[in-house]
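Build the complex: two chains, separate frames, hints provided.
Residues per chain, in single letters:
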Amino acid sequence: MVNDKLHHFLFLYVYINMNNEMDKDAFERKIESAFDSMIAVQPHERLFSDVMLAIYRKQVLYFRLKLAAAISMVAAFGMSAILWGKAALLEFAGSETWMLVKMLFSDYKAVISNWQVYSTYLVESLPVASAIWLMLGAFVALLAFKILIQELAHRPRRLTH
Amino acid sequence: MQYIQIMELFTDEQLARQYADGSDQALEVLIQRYLPLVYGFVMRAIGDAPQAEDLTQEIFLKVWRGIKKYDPDKSFKTWIFTIARRTLIDYFRKKKIATVSVVESDDGNSDIFETIASDEPTALERLEKQELEKELEEYLLKLSPEDRMLLLLYHGERITFAEIAAINQEPLDTVKSRHRRALIKLRKLMQNGQ
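Chains as they are written, first to last, in the working numbering: chain A, 1 to 161; chain B, 1 to 194.
None of these hints come from the bench; they were simulated from the model.
These numbers come from a predicted model, not from an experiment.
Some hints here could point you the wrong way.
[To be verified] Quick list of in silico lysine to aspartate or glutamate cross-link-like pairs, EDC-like style, CA-CA up to 20 Å:
(1) A:K30 to B:E138
(2) A:K30 to B:E137
(3) B:K74 to B:E157
(4) A:K58 to B:D54
(5) B:K62 to B:D21
Just chain B, with the same shape it has in the complex (with noise of 0.2 Å):
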């Protein structure tokens, strides 16, 4: 007990290194680390409890499994959401849900001046916080998976647009250009009330 308690202390990525090492507690220490976080994001991107428990059992058993190839100088984080992110799109696949939305466009600059330079009263500017809060999961959920799992890792994890980029394998500008229009959907959606 007093040993897991040590373990606690240490980085995700030293505990990665002791687990190749032969340590089990250390494996164990992260996942009591990470499954609040993998589960939550899992959670908000399907909206499906029983499914999302059995999503993030199939994310640590990768995780389990790839542990030992994991690069120790990376970010640990990075690499379980870059799992997350990736059981997630196989999901999505397998339930035929496209994880781009159809209606995307290529010039986000555009959309955006469309969008934010509109004189109307935005439904947004009536809701209240609390009220926000709620039907924010609502709408996150009508977003396509895609730009949905880039808002929950970006605003929901706190994960930077750097960490984005390598858990997506995209450039960094597409990924900022990505939150952008994600954004602007989901601020559409909220206008239009949908």
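Extracted from the complex, chain A is given alone in its bound form (with noise of 0.2 Å):
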């Protein structure tokens, strides 16, 4: 008795999900061909050309703005590289490496002989911190020129056909 309620339950249970299957997938068939019939919604001609320009657009400001950075950067360390450069050349005239190398001309014989020890004091006597500021400047001014020159050689052109 039990048996056969809970069968019949089950037959039923299995009858409205099928139908119910059944239908949904009609009502997803209909929707289905009412989107297939739907006309494309076609967008107006200028929104092309809208959209290129827009870009365009945007293409310049962030081109400009590289544009003013690199120029910047290029001016200012170039500038301190000048700068330090001076700064350098005055304490090179005025160290003892210069008075070694005016040696070297003056007395070159003793210089030959002594090399090793001319050597090192050399070494000793150059303006380290003033050349490392110098080559330092220098770098960055070159790098910021060779940001300038790729974004020069990649600035935007309005793309249209």
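Now the structure itself:
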């Protein structure tokens, strides 16, 4: 008796589910077909050129910003390199290094015979700090210059065909 | 001109890679290819042509900004519709339109039983196919934006559930059950003729 009721209930459950699936599929098919038949919404003809123009304007804006940054860096670090260079030259002129260099021309025989001691003194007397600052300034200025050239080579151009 | 025609033969992913390598025309071809799709999706999602144009522009600006970070091993279509969907969600938030329906229930399956087991003659059954097409757009606009976007992506753009799951960053089963619930809501709306 209980088994019969359970069997009946299960049969009804499967039957309803089956009908539901069929009904659901029919609705989905209708929706699918309606979507397929829907006329595609076409954008206005000018929208493509509007989009390209908006991108071009942004490209130009970014290009100008990058260009300004690169020019500023070239100018700032270029000037720094020149100033540090001048300071290094002045330091070099008044340093022991310069005297040792002059000795190389005035008393070269003594230099050759004591070249190991001479080399050590020469290296020790070099104005290392000024030289490092000079090279750092020149390096950053050259790097900024490279970026500047790259930016100029890839400057934005308007796209239309 | 011929160069552009040749480029049209490339896949989206190939074009994206070419743009990253410095070919501006590749981006142009991609935009031409996707403009009608994206605009159609946005237009149907918001139902306002001038606003849809502005949003489409915004979407393509985001595409241009992000294309160099795009991974060509993944579907470009999925990527671009992810951007479109996010832009739309931002738009709905700004407009203070709830993106998820407040009447949405979690037990999607019981809803199916309630709705589909109903014996009432439906308005759908009386609708001729041509009328349905006209009315479908109106009914879609009555759904919550999330449901609307899901139906538009799946039925309108033929994007698979797996791809929609990637777009929405949701589990596949969640997308499927949300789709089922969205269809139920659409059907209810059509039945009631609201």
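Hints and how they fare:
1. Between the alpha carbons of A:K30 and B:E138 the distance comes to roughly 16 Å, so the proposed pair stays at or under 20 Å and holds.
2. Pair hint A:K30 plus B:E137 holds up; C-alpha atoms about 14 Å apart against a cutoff of 20 Å.
3. Proximity of B:K74 to B:E157 is assessed by CA-CA distance (about 18 Å); at most 20 Å being required, the pair is judged to hold.
4. Taking the CA atoms of A:K58 and B:D54, the gap is near 15 Å; set against the 20 Å cutoff, the hint holds.
5. Our distance criterion of 20 Å between C-alpha atoms is met by B:K62 and B:D21, whose separation comes to about 18 Å.
In this structure, none of the earlier numbered hints is contradicted; all agree with it.
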